[in-house]
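K.L.:
Read off the chains here:
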Amino acid sequence: MSLTEDTPTPKRPSGFWSYANPVKFLGLSERILPAFWGLAAVSLIVGLIWGFFFTPDDFRQGSTVKIIYLHVPSALMAINAWFMMLVASLIWIVRRHHVSALAAKAAAPVGVVMTLIALFTGAVWGQPMWGTWWAWDPRLTSFLILFLFYLGYIALWEAIEDPDTAADLTSVLCLVGSVFAVLSRYAVNFWNQGLHQGASLSLDKEENVADVFYIPLLVCIAGFVFLFLALVLYRTGTEIRLRRARALQAREART
Amino acid sequence: MTLTIRDLCVARGGVPILEGLSFSLAPGQALILRGPNGAGKTTLLRTLAGLQPPLSGQIDGAEEQIAYSGHSDGLKSMLSVTENLTFWADVFGQRDIAPAIAAFSLEGLKDRLAGTLSAGQKRRLGLARMLVTGRPIWVMDEPTVSLDVDAVAQFAKAVQGHLHAGGAALIATHIDLHLEADMLDVTPYRAALDLRAGASDEAFL
Amino acid sequence: MTLTIRDLCVARGGVPILEGLSFSLAPGQALILRGPNGAGKTTLLRTLAGLQPPLSGQIDGAEEQIAYSGHSDGLKSMLSVTENLTFWADVFGQRDIAPAIAAFSLEGLKDRLAGTLSAGQKRRLGLARMLVTGRPIWVMDEPTVSLDVDAVAQFAKAVQGHLHAGGAALIATHIDLHLEADMLDVTPYRAALDLRAGASDEAFL
Amino acid sequence: MRALLTRDLMLAFRAGGGFGLGLAFFLIVTVLVPFGVGPNSELLSRIAPGILWLGALLACLLSLDRLLALDWEDGTLDLLATSPLPLEAALSIKALAHWITTGLPLVLAAPVLGILLNLPTPGYTWLVLSLLLGTPALSVIGTFGAALTVGVKRGGLLMSLLVLPLYVPTLIFGAEAARRGATGMDTTTSLLMLAGITAGVIAIMPFASAAALRVNLR
Amino acid sequence: MRALLTRDLMLAFRAGGGFGLGLAFFLIVTVLVPFGVGPNSELLSRIAPGILWLGALLACLLSLDRLLALDWEDGTLDLLATSPLPLEAALSIKALAHWITTGLPLVLAAPVLGILLNLPTPGYTWLVLSLLLGTPALSVIGTFGAALTVGVKRGGLLMSLLVLPLYVPTLIFGAEAARRGATGMDTTTSLLMLAGITAGVIAIMPFASAAALRVNLR
Amino acid sequence: MMPDLGKYADAVLSAYGVSILLIMLLVIITLRKGRAARAALEAVETRSKKNG
Ligand code: HEM
Ligand SMILES: Nc1ncnc2c1ncn2[C@@H]1O[C@H](COP(=O)(O)OP(=O)(O)OP(=O)(O)O)[C@@H](O)[C@H]1O
Ligand SMILES: Nc1ncnc2c1ncn2[C@@H]1O[C@H](COP(=O)(O)OP(=O)(O)OP(=O)(O)O)[C@@H](O)[C@H]1O
Ligand SMILES: [Mg+2]
Ligand SMILES: [Mg+2]
Numbered sequence: 000m001s002l003t004e005d006t007p008t009p010k011r012p013s014g015f016w017s018y019a020n021p022v023k024f025l026g027l028s029e030r031i032l033p034a035f036w037g038l039a040a041v042s043l044i045v046g047l048i049w050g051f052f053f054t055p056d057d058f059r060q061g062s063t064v065k066i067i068y069l070h071v072p073s074a075l076m077a078i079n080a081w082f083m084m085l086v087a088s089l090i091w092i093v094r095r096h097h098v099s100a101l102a103a104k105a106a107a108p109v110g111v112v113m114t115l116i117a118l119f120t121g122a123v124w125g126q127p128m129w130g131t132w133w134a135w136d137p138r139l140t141s142f143l144i145l146f147l148f149y150l151g152y153i154a155l156w157e158a159i160e161d162p163d164t165a166a167d168l169t170s171v172l173c174l175v176g177s178v179f180a181v182l183s184r185y186a187v188n189f190w191n192q193g194l195h196q197g198a199s200l201s202l203d204k205e206e207n208v209a210d211v212f213y214i215p216l217l218v219c220i221a222g223f224v225f226l227f228l229a230l231v232l233y234r235t236g237t238e239i240r241l242r243r244a245r246a247l248q249a250r251e252a253r254t
Numbered sequence: 000m001t002l003t004i005r006d007l008c009v010a011r012g013g014v015p016i017l018e019g020l021s022f023s024l025a026p027g028q029a030l031i032l033r034g035p036n037g038a039g040k041t042t043l044l045r046t047l048a049g050l051q052p053p054l055s056g057q058i059d060g061a062e063e064q065i066a067y068s069g070h071s072d073g074l075k076s077m078l079s080v081t082e083n084l085t086f087w088a089d090v091f092g093q094r095d096i097a098p099a100i101a102a103f104s105l106e107g108l109k110d111r112l113a114g115t116l117s118a119g120q121k122r123r124l125g126l127a128r129m130l131v132t133g134r135p136i137w138v139m140d141e142p143t144v145s146l147d148v149d150a151v152a153q154f155a156k157a158v159q160g161h162l163h164a165g166g167a168a169l170i171a172t173h174i175d176l177h178l179e180a181d182m183l184d185v186t187p188y189r190a191a192l193d194l195r196a197g198a199s200d201e202a203f204l
Numbered sequence: 000m001t002l003t004i005r006d007l008c009v010a011r012g013g014v015p016i017l018e019g020l021s022f023s024l025a026p027g028q029a030l031i032l033r034g035p036n037g038a039g040k041t042t043l044l045r046t047l048a049g050l051q052p053p054l055s056g057q058i059d060g061a062e063e064q065i066a067y068s069g070h071s072d073g074l075k076s077m078l079s080v081t082e083n084l085t086f087w088a089d090v091f092g093q094r095d096i097a098p099a100i101a102a103f104s105l106e107g108l109k110d111r112l113a114g115t116l117s118a119g120q121k122r123r124l125g126l127a128r129m130l131v132t133g134r135p136i137w138v139m140d141e142p143t144v145s146l147d148v149d150a151v152a153q154f155a156k157a158v159q160g161h162l163h164a165g166g167a168a169l170i171a172t173h174i175d176l177h178l179e180a181d182m183l184d185v186t187p188y189r190a191a192l193d194l195r196a197g198a199s200d201e202a203f204l
Numbered sequence: 000m001r002a003l004l005t006r007d008l009m010l011a012f013r014a015g016g017g018f019g020l021g022l023a024f025f026l027i028v029t030v031l032v033p034f035g036v037g038p039n040s041e042l043l044s045r046i047a048p049g050i051l052w053l054g055a056l057l058a059c060l061l062s063l064d065r066l067l068a069l070d071w072e073d074g075t076l077d078l079l080a081t082s083p084l085p086l087e088a089a090l091s092i093k094a095l096a097h098w099i100t101t102g103l104p105l106v107l108a109a110p111v112l113g114i115l116l117n118l119p120t121p122g123y124t125w126l127v128l129s130l131l132l133g134t135p136a137l138s139v140i141g142t143f144g145a146a147l148t149v150g151v152k153r154g155g156l157l158m159s160l161l162v163l164p165l166y167v168p169t170l171i172f173g174a175e176a177a178r179r180g181a182t183g184m185d186t187t188t189s190l191l192m193l194a195g196i197t198a199g200v201i202a203i204m205p206f207a208s209a210a211a212l213r214v215n216l217r
Numbered sequence: 000m001r002a003l004l005t006r007d008l009m010l011a012f013r014a015g016g017g018f019g020l021g022l023a024f025f026l027i028v029t030v031l032v033p034f035g036v037g038p039n040s041e042l043l044s045r046i047a048p049g050i051l052w053l054g055a056l057l058a059c060l061l062s063l064d065r066l067l068a069l070d071w072e073d074g075t076l077d078l079l080a081t082s083p084l085p086l087e088a089a090l091s092i093k094a095l096a097h098w099i100t101t102g103l104p105l106v107l108a109a110p111v112l113g114i115l116l117n118l119p120t121p122g123y124t125w126l127v128l129s130l131l132l133g134t135p136a137l138s139v140i141g142t143f144g145a146a147l148t149v150g151v152k153r154g155g156l157l158m159s160l161l162v163l164p165l166y167v168p169t170l171i172f173g174a175e176a177a178r179r180g181a182t183g184m185d186t187t188t189s190l191l192m193l194a195g196i197t198a199g200v201i202a203i204m205p206f207a208s209a210a211a212l213r214v215n216l217r
Numbered sequence: 000m001m002p003d004l005g006k007y008a009d010a011v012l013s014a015y016g017v018s019i020l021l022i023m024l025l026v027i028i029t030l031r032k033g034r035a036a037r038a039a040l041e042a043v044e045t046r047s048k049k050n051g
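Sequences listed follow chains U, G, S, C, V and Z, in order.
Residue numbers for the first sequence, in numbering that gives the first Met the number 0: 0 to 254.
Residue numbers for the second sequence, in numbering that gives the first Met the number 0: 0 to 204.
Residue numbers for the third sequence, in numbering that gives the first Met the number 0: 0 to 204.
Residue numbers for the fourth sequence, in numbering that gives the first Met the number 0: 0 to 217.
Residue numbers for the fifth sequence, in numbering that gives the first Met the number 0: 0 to 217.
Residue numbers for the sixth sequence, in numbering that gives the first Met the number 0: 0 to 51.
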């Protein structure tokens, strides 16, 4: 990695924002990535094996409860990924840090895959539970809409060539899209009352699932969080390298 | 109102193209921009017109003063010549389009749809648009493309008239317009390769 | 193969524009079309290229012989310079694009997307396309639009080379190309207003 | 401002300007539905309000394509951006022109097409009312989509992809109102929500659209 | 010939080239239908085959827009028409490229979207089969529409208008096959008719398209 | 070893299978793209250093 050698250090902010410098960010991510990959692997393997092999069947749902170890973490991450993109977009709009825009770009495909997993596991779970793969329940429906927002966001990134223009436009889309996603959620609720589970992870003990399911679920959630962080960090690094190669090439082309 | 540019650096596609440009353009003055293909004339003119932000440097006296004409003319092929001109006059708060029609001898084409004009006739209409803006500073990118010799002379006369009336003009062109004007060759201002300040790619270099 | 035009009448939008044109273009010969804006040069060239039928008259020796270049260049902005040229070479059954690249000094721009080129660079690429067609007769409509002085010289050289190799060229232009070529001013051939024969409106007159 | 509105309307009415095409598309979609789902009239009348709303939405969407792209291609937008008119105002006017040439005709045509799909009698008023309240939102949101994708050549399909999810709340409340109206249920809440969305969107979206367009002009 | 096909596919896959957008549109139309007609799953499953066919047809239709218009605008068509490649062949290849980038993905995605609309289980095979037989006809007919309207600026909507009626027979037999399949009835006749239409159209349409294009280039 | 999944075996196994497959795909694609980017950057860097 020869990134650091030929780069002068002009006025750079210190503290948290200093990591908005791509080069410094690459250095940092290079250092902490192995830890994230490791944590993700360990907690995913432990959590999924624990959940799959060593938890009892639910008295009502039978062995299908095991799906919860994939379904809930992926659903959580799907929403949080969009939230992260929103924050990153805001940072780009306000402070114009390239890393932030690229992180948003890097997170979107991860978010889509998480959404897909949530949708798929949900559908597979729905078949035995509700007797149908798909129902137009508000939760499911708003998830589908979220999926569409992801698709549009990614398509817009892909369609625009100039990286800064693309960053600006996708950020605006992300902001507007978030407002409409919330709006859709309310609209959908009004439109159809649902079949889906209520919040079961709340701290309210009455509502909560039994501990036997709860603890491995937490481990799985941690695994998905670390996986998400590792993937996003790594992909952001990839985007930074591509941008740098592009910049160098453009410079070359002008000689 | 004088247009003053100080130490300007402009970029396209995130790459700095021209740097260290400083000049000023006083009322009554015309400035011809020269430079080989790809030198960055278009990029500079678009920046001055406010269509893209400069990388660094200052532009004073441009706000609401500039009428811009680019590679394309902004004509609607389904509107007639008069309708096209009237629209732009209205947008810029002007009324009278007759002088513009006369200046580029469009009288005979007045009621023709813009889409049926030949390349040079279209261009003449595009240039006539500058006259109905009422703006003092004309910024024009290769205005004489497709024009024949007579039309080029007409154009030179229109510019001259604009200058006499206290206007100013900044024109990028490859041909000789036979105008009394200062010349600015942008070639020497080509951005140095290691220039970093402010470029959007800079952070990655 | 000589291109021979006899008593040609061309029309646009149903209106006859030029009539009574006769000329021929032998291998090794270049012919420059002149005429003020709106004279009908574009209409004539498109007719010769087979893009529109003539109203009357004969065109011999044009079939599959003509490479046409019009006001727009047929470039894809999302393909690189090489990819654009390779595509046209393939379509015309040619292989080697290197001479075309060299003739218009596009080496440095080879891998750039065509969309990011400046106006003049795009035009150079459009002209390079003529070299990969392998066709003997070049029919070009204002080829030097947006080109700087060097590029115009390059273009003249390319045409000269083409002529020496037994090709022919028919070029409409408003500027002086410094080519040894015959000149044809189309102004005298302007269709008389009462000309009727063959126009698509004729039946109603 | 007036100049821009009259020009846009004039262009729409000229040959090839696209006035009435949205309408025709609406008609054709409505006509194709029975070919798709079969000619069962009880079934058709049940899905009629929803299909009519969907058809109107799609017709609106398709005509967005020419809202800005034409002006972009011939350089008009560059020139407008350097004119004294604020871009927000210009875009609002363009949205208004779009609504007049597309949305309004759809509203007026909907009852006629309702007959083709056996829309139940009480449904007509509510269908028209909900479309009248909802279509302006479709135009304004669509302008945003057009501003986002104006730099992309033939961005039509991309724009549809971006705009359709944004249309969801409007569609839900609009179609709900029409459906409830057709079955004789209370429509107040859905109509209020619909009006709220339209008002909010008209107030705020032009700023987002102008921001996106400025970026694209850069 | 190969050069044209690879170029078209390459362009489709490049950024902004529009690959996958037809698919996305298909998805979105399918998703919007329940918002329009309501979440009743029994109702949805009855209209599912028809809606899916309609959605595929519309997605196909929308992507036709870029089939020729882009090449027209930048002058490629002028140059292609003066090249050694016969226009008929060029247009057939363009239709093929369109089918590969649009029709085929639609066929593959249809079963997944069937789930969203509760398509009855026996319906899946027949839906896919009928789409596989029918979509090539859609591309070829669409090419004709594109050739007819290529001179019209933003002819997208006009083209839809011209093409939709031409799509009716394909839609009728295709949706009929899918519907009969879903309800367990015999599908042979409709599938045969569909195949007949496709074969006929592939054989004849390119000549009509080339003729139309020649007129437009004039 | 294998837990008895009863009549829901299909559902549970396919959920696990597809999810793990999707995650693997995502990780693999991410890593491959990352490698390619690294290589491309390295190539450009060495070239630009050579040319000064
Ligand atoms: C395609 C179908 C489905 C989708 C898209 C889906 C989506 C979601 C979403 C978005 C969440 C919320 C995560 C959060 O915000 O915390 C969630 C949680 C959950 N889902 Fe599903 N779901 C589906 C089907 C099912 C089925 C069939 C079941 C079981 C019968 C189920 C059981 C649960 C449970 C137990 C939770 C945890 C609730 C909580 O802690 O908030 N889901 N699902
Ligand atoms: N539909 C139409 N109806 C009437 N006249 C038309 C129509 N279309 C074009 N013309 C006229 O035909 C003439 C020939 O146009 P053409 O484009 O051939 O001119 P040209 O010699 O190429 O001019 P330029 O040098 O400006 O490119 C022009 O005067 C034009 O105004
Ligand atoms: N996205 C991009 N990446 C790198 N370079 C670019 C990009 N876009 C444009 N350029 C380059 O920027 C330079 C300036 O272009 P510009 O259009 O300003 O030139 P110009 O002086 O107007 O030339 P012409 O006389 O040919 O019109 C050109 O060399 C062009 O190749
Ligand atoms: Mg230029
Ligand atoms: Mg011409």
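Don't read these hints as lab results, they were simulated from the structure.
Cβ atoms here follow ideal geometry from the backbone N, Cα and C, with glycine treated the same way.
A hint or two may mislead.
Listed below are the simulated DSS-like cross-link pairs for lysine-lysine, each with C-alpha atoms no more than 25 Å apart in a straight line [unchecked claim]: (1) U/K23 <-> Z/K48; (2) Z/K48 <-> S/K109; (3) S/K109 <-> Z/K49; (4) G/K156 <-> G/K109; (5) U/K23 <-> Z/K32; (6) S/K156 <-> S/K109.
Which bits of chain S does chain V cover? Going by a derived footprint, with three or more residues having C-beta under 8 Å, they are [stated by the list, open to error]: (7) 53–63; (8) 80–89; (9) 177–183.
K.L.:
Hint by hint, note whether the structure agrees.
P.N.:
Verification of the supplied hints:
1. U/K23 <-> Z/K48: Holds: U/K23 and Z/K48 sit about 21 Å apart, inside 25 Å.
2. Z/K48 <-> S/K109: Roughly 21 Å separates the two Cα atoms, so the pair holds.
3. S/K109 <-> Z/K49: With a Cα-Cα distance of about 20 Å, the restraint between S/K109 and Z/K49 holds, given a limit of 25 Å.
4. G/K156 <-> G/K109: Measuring from Cα to Cα gives roughly 21 Å; hence the hint holds.
5. U/K23 <-> Z/K32: holds (21 Å)
6. S/K156 <-> S/K109: holds (21 Å)
7. 53–63: violated (count 1)
8. 80–89: holds (count 5)
9. 177–183: violated (count 0)
Hint check: violations occur at hints 7 and 9; the rest are consistent with the structure.
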